[in-house]
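Peer 1: The listed protein sequences derive, respectively, from chains A and B. Following this note's numbering, the numbering of the first sequence begins with 5 at its first residue and continues without gaps. Following this note's numbering, the numbering of the second sequence begins with 105 at its first residue and continues without gaps.
These are calculated hints, taken from the structure and not from any lab test. Source: prediction; values computed, not measured. Keep in mind that a hint or two might mislead.
Said to hold, decoys possible - On the chain B side, residues computed to face chain A include the following (Cβ under 8 Å):
| id | residue |
| --- | --- |
| 1 | Arg214 |
| 2 | Phe215 |
| 3 | Ala254 |
We treat Cβ as the ideally placed atom computed from N, Cα and C, and that holds for glycine.
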Amino acid sequence: MVDTVARAAATGDRPQPYAELGLTGEEYQRIRQLLGRRPSDCELAVYSVMWSEHCSYKSSRLHLRQFAAKAPPSDALLAGIGQNAGVVDIGQGYAVTFKIESHNHPSYVEPFQGAATGVGGIVRDILAMGARPVAVMDALRFGPADAPDTARVLPGVVGGISFYGNCLGLPNVGGELAFDPCYAGNPLVNALCVGVMRHEDLQLAAARGEGNKVILFGARTGPDGIGGASVLASASFGGGESAKRPSVQVGDPFMEKLLVECCLELGAAGLVAGIQDLGAAGISCATAELAAGGGSGMRIALDSVPLRDPSLGPAEILMSESQERMMAIAAPGDVARFLAICARWEVPATVIGEVTGTGRLELTWHGELVVDIAPETAADQGPVYDRPAARPAGQDALAADDPAALPRPRTGEELRAALLSLLGSPGLADKSWVTEQYDRHVRGDTVLAMPQDAGMIRVDEETGLGVALATDGNGRYCRLDPYAGTQLALAEAYRNVAATGARPVAVTNCLNFGSPEDPGVMWQFTEAVRGLADGCAVLGTPVTGGNVSFYNQTGEAAIHPTPVVGVLGVLDDVRHRVPIGFTRPGAQVVLLGTTRAEFGGSAWAQVAHGHLGGRPPAVVLDAERAAASLLAAAARAGLLNAAHDLSDGGLAIALAESCLAGGHGCRVSLPGDAFTFLFSESAARLLVAVLPGSEAEFAGLCTAHGVPATPLGTTGGASLEVAGSFAVPLDELAATHRGVLPALFGSTEPACRAGD
Amino acid sequence: MTARVGIVTFPGSLDDRDAARAVTRAGGEAVPLWHADRGLRGVDAVILPGGFSYGDYLRCGAIARFAPIMADLVPAAGVGLPVLGICNGFQILCEAHLLPGALVRNSGLRFIDRCLRVRIEDTGTPWTADYGPGQEITVVLKSGEGAYLADEAELAALEERGQVVVRYCGGSPNGSARDIAGIRNEAGNVVGLMPHPEHAIDPLTGPGGDGLGFFTSVLRQAVTG
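Chain A with its partners taken away, still in its complex shape (with noise of 0.2 Å):
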């Protein structure tokens, strides 16, 4: 028997399984105390998906508020925080719409499928927006790389991408791949997807219009992800019948291609007068929030969604986290037309209710209110916790253990040896084993992707105008200082898509951590944002959306705190982009920024010390916005052959990096200590090769622009030389980047070549 309003009414003292469903006894006091009875078991259903920390972000919520407090005055911004994404202009009439989220604890339980959905979910909150999805890219973290479960997890994750993103035809353009203990049974699985449209093609999560129609379209709705609403099952119903489901969704790339098309063509159209995908919470949220969104009410029979089991009951529906689903308003008049593009792409359709002038969400089963809400106490009015914060009792410490005790390669032989045994360690290692498993080709208008700093996406054919992106962390820095650590996260991709050519205008974030009711975590919790809301203050980049990510912990032990910054930058015409690899003789190698003995957290010290303690590099923001401008200004001059930002492994990373992406070597001399040029992470650092005749004009930019250059050498020759030290062939350099991966993971070649 279903559990309607009328019955709650009458039965107020029925115990609820409120705490299965992960809500505290005091936020169960206060559902009562809003409905001014107890919920119904949908009622219940929603309260609980709508107030859960992925939904309510009911423990970051206060403190994300400084992303818009703090925010730099930005006249490029069309929709922010709040919406399923943010919007940025980028002139030309163009807008585009990007943001990064996690499908962290998915991707451990099942990593193919995990990171599949992953993907899939992030598209559809661009498509949400009225964008069309152009570029996707993922930010990787895993356990150690010879660790047996990372045997299973690293292969299962990049499969699920791969299969999911390349079968929806979009390009995987970068991201980034890190191994660390700490994410060993905690992987980090933080994907990023990109979206163009025109100003006016802008569509919000909206139901406004009584009268207008409620349609959801795209996958039938079965039982995926609602372990939870299991328990009401039983509880309700005496329990015993209800079988064993999965609690990870699975993903149909296909039929998300086909809603791709048809959100565009109904977009194009003009039938849609809101929009909002199905996500987590799947039907509860996208209900309550265009209800919300639109200061309307809304009418539903739940009973009319299309089920793909047809056991299914509404408790189950409100929380079913099925894939590829989207809800559309559209005006009456509208309908028949929307549903003939809908079929014309074999998408189903279905028309499940209406808005109404109530300010309600009434949600019936077979005819029967099981729903009667005001939407926004499920979608704006959550829980709020300002969770105790309290600095980690070893914070002091690990900062006391400076990595400056440690012993150092001296000779030009232990400085060869150390530069191979970190171009060699899997975090730094050739990703072509990963990246190759994904299309970075299709469509047509990738201009750089990996290994390059940043991916790039032309979005206009005539005039060039285009978009990069790159995102980063660093949970090593973090973990010593989460106030810096972050704006290091913060300037690394600013300088990455700096290092292009691009002009930084935007960023988005994941905030991947521990516990939150853990005080040490939620410490570094409340020191990250404020270091990035601070940092971008500085830089002018206004926080345009992001994602929290809590409980990446395995009992006691939490991640290091692991902030994934993502930053989008404009290029007026992508044929000025400037990519990392030396490409040909004879340029001038360039150091940007200033040098300092900066091995605090440094790949240096884990690789050959295991060593994490002391300071991270000083964060230097002037001079990172100097350098931006500076890179900007030389790229549209014409000036560089290539460009590369100094970040994991400092100068040696860069510099080996360089000659393999171009395929011609350099030489160097380095002015001070070599290990120290080497191996130093310092921020605010560029390398760069400048075009023969136009070094006297680039050694004019950096004056103009207040950035410290030394030259150092010049391209060409088939090694790196740092003279007067060693030399490495690049064969050698070649082989010991890109054997590590294959030699881990399995080689993607043909296990026989002789005799075909």
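We have chain A already, so just place chain B on it with the hints.
Peer 2: Structure of chain B alone, referenced to chain A:
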């Protein structure tokens, strides 16, 4: 007069836009064709583009071959209409029995996206006439089920009749028999190609402009032929 090249969009086609761009860059007119429609709109040639038609369900290309437009395409190909199937298009042509053999999972069992060298073995087709015999070009391979297979007798016959149009240089990356990257039918008008020439038409967005020759070839053939 500009030649008109039809490009078929199936549900799940992905590189239709890229094929259209390549035709346009080569100087032709790209004509969109919809899988569910009948009639070829009087085009001079047809491209079946890459992608995942019908999500690769059942088998790559196995459902697309039953699309309504194929009922017009198959007979037209039989009387000489130039047809190029790229990647998923190649798979559809094999499923439709316009070309012999089959494409199966890469021997490394993973999807591969890679710029690589291939050799043009046959310049006698309408799609390869602008290349020199034995010319090596750089194109993009991106597929998970790109290994060309046929039985030994079929392979020997293909070689004997000179139906191998394109071969991988330096060994196949996916386990294709005899390093085959592309073949033609006996008449020569139908060509199937696993690598993507449409992604190699501009150094800005691909490995160079080597792939453009497939599109200029067919345009020349359509105008002069």
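Peer 1: Give a verdict on every hint.
Peer 2: To see whether the hints hold, each was checked on the structure:
Hint status for Arg214 (chain B): holds, given a least beta-carbon distance of 5 Å to chain A, under 8 Å. Because the closest C-beta pair between Phe215 (chain B) and chain A is about 5 Å apart, less than 8 Å, the hint holds. Because the closest C-beta pair between Ala254 (chain B) and chain A is about 14 Å apart, greater than 8 Å, the hint is violated.
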